[in-house]
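Chains as they are written, first to last, in the working numbering: chain A, 1 to 291; chain B, 1001 to 1301; chain C, 2001 to 2256.
Simulated from the structure, these hints should not be mistaken for laboratory data.
Note that the coordinates shown come from a computational prediction; the quantities given were computed from them, not determined experimentally.
Be a bit skeptical, because a hint or two may be false.
Residues on chain B that point at chain A, a partial pick, calculated with CB under 10 Å [said to hold, decoys possible]:
1. P1014
2. Y1015
3. V1016
4. I1063
5. G1066
6. M1067
7. G1070
8. V1071
9. V1085
10. P1090
11. D1097
12. Y1263
13. I1266
14. L1279
15. F1292
Here a beta-carbon is modelled for each residue, glycine too, at the ideal position from N, C-alpha and C.
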Amino acid sequence: MLWQQLINGLALGSTYALIALGYTMVYGIIQLINFAHGEIFMAGAFFAFLMVMVLKVNIFIALILAMAFCMLLGIFIEFVAYRRLRNSSRLSALISAIGVSIFLSTLALLVFGADAKGFPDGIFPNGQLQLGSVSISFLQILIFVVSGFLMLTLQFIVHRTKIGKAMRATSQDYNTAALMGVNVNMVISFTFALGSMLAAAGGVLVGVYFNAVSFNMGLLVGLKAFAAAVLGGIGSIPGAMLGGILLGVTEVFTVTVGFSSYRDAIAFAVLVLVLLFRPSGLLGQKIQKKV
Amino acid sequence: MGNFLQNVVNQIDPYVMQILVNIGIGIILALGLNVITGLAGQLSLGHAAFMSIGAFTGAILTIKLGMPFGVNLLCSGFMAALFSVLIGFPTLRLSGDYLAIATLGFAEILKVVFLNLDITNRALGLSVPPPYSSIPLPVYVLISVVLAVTALALMQESRFGRALKAIREDEIAAEAMGVNATRYKIQAFAIGSFYAGVGGCLYAHFIAYINPSDFGFLKSIDILNMVVLGGLGSIPGVILGASLLTTAPEFLGFMKQYRMLVYGIILIILMLFRPNGLLGGVSFKEMVLKIFRKRTQPSRA
Amino acid sequence: MTVLELDKVSIRFGGLVAVSQVSFNIHAGEILALIGPNGAGKTTIFNLIMGLYKLTDGKILFKNINISSRKPHQIAALGIGRTFQTIHLFNQLTVFDNVLIGAHTQGGRNMTGALLKWLPAIAKEEKDLHELAFRCLQMVGLEKKRDALAKNLPYGEQRRLEIARALALKPSLLLLDEPAAGMNPQETKELMELIHVIRNSGITILLVEHDMKFVMKISDRIVVLDYGAKIAEGVPEEIRTSPLVIQAYLGKVGAR
């Protein structure tokens, strides 16, 4: 029972982690809470849904297409709604991000309607792996494999490639990075592309896992993922992974012990507790004010 | 007195009256958010939640205690302010945008809690009886608007208001001038939420029926739009924004479906091209002075 | 009389020791300059004094009060004013409002006070604050620009406005972080006169500056830092001839 719930929690947490990564990377680079990130996650789920329903592709192709689509969407959003505001007050950028978020979710509502959509049966084999008393569904295995692969790839990109080095430099000091010849615009676009791809993957996985895709799925999951990013330490990539997984596990165990009506309150409670006792998060660095 | 006022109110066309009252409530709500966002530069995305605290407090006080409406309004405001301090304390100590997320989360949780409480009648919502007062509700709305505008106009030009603006402009420099940023931010948040609570109480008694789902994220965005459209930090701007956005659905009924779509675009476009809103930088004091000057100029000439 | 006393002050950022065991005193009415090569820890010491960073070790006394663990706004309220290395004005506010905010600690009226503005006592307080702010603007010669927005002032005037704003705090100690940076010779000369006027009004001054001619001319005493440690302290003439300083600092300048 305990192990079973742990597996369920890890599966849910992995999807949170995928989304939390996008928040943390963007925040690390331009100190913006990308409010539209939850909507990118939602857009990824819908795009995959469309691909499956209209083009009848299999779920893996749909996943890759959704990631590509959201990558472009993320770059586009940054270019249109945030780039001009980079030197304005942070409030302006935040409000613009909220505008994008409202626009996208309303658009989804108008196009797809208010009811949640489900993927067709048999989109993914229904079987499960039995390990003693613990059963792991194929879908959960898919979640572990896909999110594990993506997080490892991300670590590789950030720490082993030239663009990753540029990302880390930009997040340390934007102006100095620019002076050192880093193409800051390109780095920021790339960061949005990466984050949005991961969010899209999260969206598709969540959509298939709960068999529900709806216009307002981004708001709540986005909030939870943000809480996960803060828990892990905003700006920290391993922190986002850890925070997401911890939050997912906590949520599943809360439901298990019988507080199911408060499952959505957990993320918020965690957020407030972290802000009270450890604002820099579990793995975040204490931020010194720059004067 | 009450009868006389009732007669006056009855003279006005009910449809017009309804719009006017809605505008008045919108102005109070938006002015409150303006203290938090326009003056102190902090973003609350749960303004509707504080409105709902005021609405339910007001409704319950009328239903259970039959409390006189004037006192009720104050209690509703204070209840909202109390909750804002509880939320503001952990989040406003930090610089950054945590308040936005915390208030958004708080609003979602509060909605769930209200939907599960007996005293708020769960998902069925509450029917609110007419307020206990001989003075008609629209008069209360008018008085509240006048008080709200006056208080804010005085506040803006005071030591307190300057401290808030300093925090908005540069928190580090403000602290170096001896401004206790955390305390002032919490106070601004409490005042703004007090306004929201009063607005919520008026709203509850005017609409006569409230449901927790009326006070969701979209309602908060509605109010944010009023402030941003008219101009952050400008009282005439906020009044204009509240008036425009309250009446717009009346004239643009066909747009109802697309309203939120348009709101989203408005937020982006305003931030990109006119971050100070339609009347950004226009102060109430200057506007009054200008009108005054215009009136006096011809006589001088 | 000692206004400010730093006693074996240290701070580490992670593994890096930015300031190590630095001690010095500032006496009432003097102009003390803190110099040293880039990265020597000068601005870090400012930020330690103002409470923006928490010290790892040692203590800082201001008029015999230990301010080591106080918050920036509390320290400012005790009477330490400062300017910033990179300008930190309230950009969207007028010149006059900027100075009025500097006078924040000189008033006591709050939230409720704002609503009771017409009461005589409160109206008087507001009037006093306005007068104080105006005097400070006069002192730096910006009274004619009182209604301009801070962001629209030319650079040199923005620097002077920062000084006026700090003066409105009625500080007994004023910290100036590279006040002459980016100024032309004429502006630098005026700044020097201004600093003397401020000192003559009874305010003690601690400044960080790169312009050596400026420092040598204006300071009563100089403290030299290198790699976070104090390497010398004395009157300008002693510093000029100290072999340690020449090696660490002036030597590098000379080599240019």
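Here's how the hints hold up against the structure:
1. At a threshold of 10 Å, the smallest CB-CB gap from B/P1014 to chain A is about 32 Å, leaving the interface hint violated.
2. Hint status for B/Y1015: violated, given a least beta-carbon distance of 28 Å to chain A, over 10 Å.
3. Interface restraint check: B/V1016 against chain A, minimum CB-CB distance 30 Å, threshold 10 Å, status violated.
4. This hint is violated: B/I1063 has a C-beta 25 Å from the nearest C-beta of chain A, more than the 10 Å allowed.
5. About 33 Å separates the beta-carbon of B/G1066 from the nearest beta-carbon of chain A, more than 10 Å, and the hint is not met.
6. Taking 10 Å as the C-beta cut-off, the interface hint given for B/M1067 is violated, the closest approach to chain A being about 31 Å.
7. The criterion of a C-beta within 10 Å of any C-beta in chain A is not met by B/G1070, whose closest approach is roughly 35 Å, and the hint is violated.
8. For the restraint placing B/V1071 at the interface with chain A, the shortest Cβ-Cβ distance is roughly 32 Å, beyond the 10 Å limit, so the hint is violated.
9. Evaluation of the B/V1085 hint against chain A yields a violated restraint, the C-beta minimum of about 14 Å exceeding 10 Å.
10. Checking B/P1090 against chain A by beta carbon gives a least distance of about 4 Å; that is within 10 Å, so the hint holds.
11. Checking B/D1097 against chain A by beta carbon gives a least distance of about 5 Å; that is within 10 Å, so the hint holds.
12. This hint holds: B/Y1263 has a C-beta 6 Å from the nearest C-beta of chain A, less than the 10 Å allowed.
13. The restraint placing B/I1266 at the interface with chain A holds, with a minimum CB-CB distance near 7 Å, inside the 10 Å limit.
14. Against a cut-off of 10 Å between C-beta atoms, the interface hint on B/L1279 is violated, since the closest Cβ of chain A lies about 17 Å away.
15. With a cut of 10 Å, the hint placing B/F1292 at the interface with chain A is violated, because the nearest CB-to-CB distance is about 33 Å.
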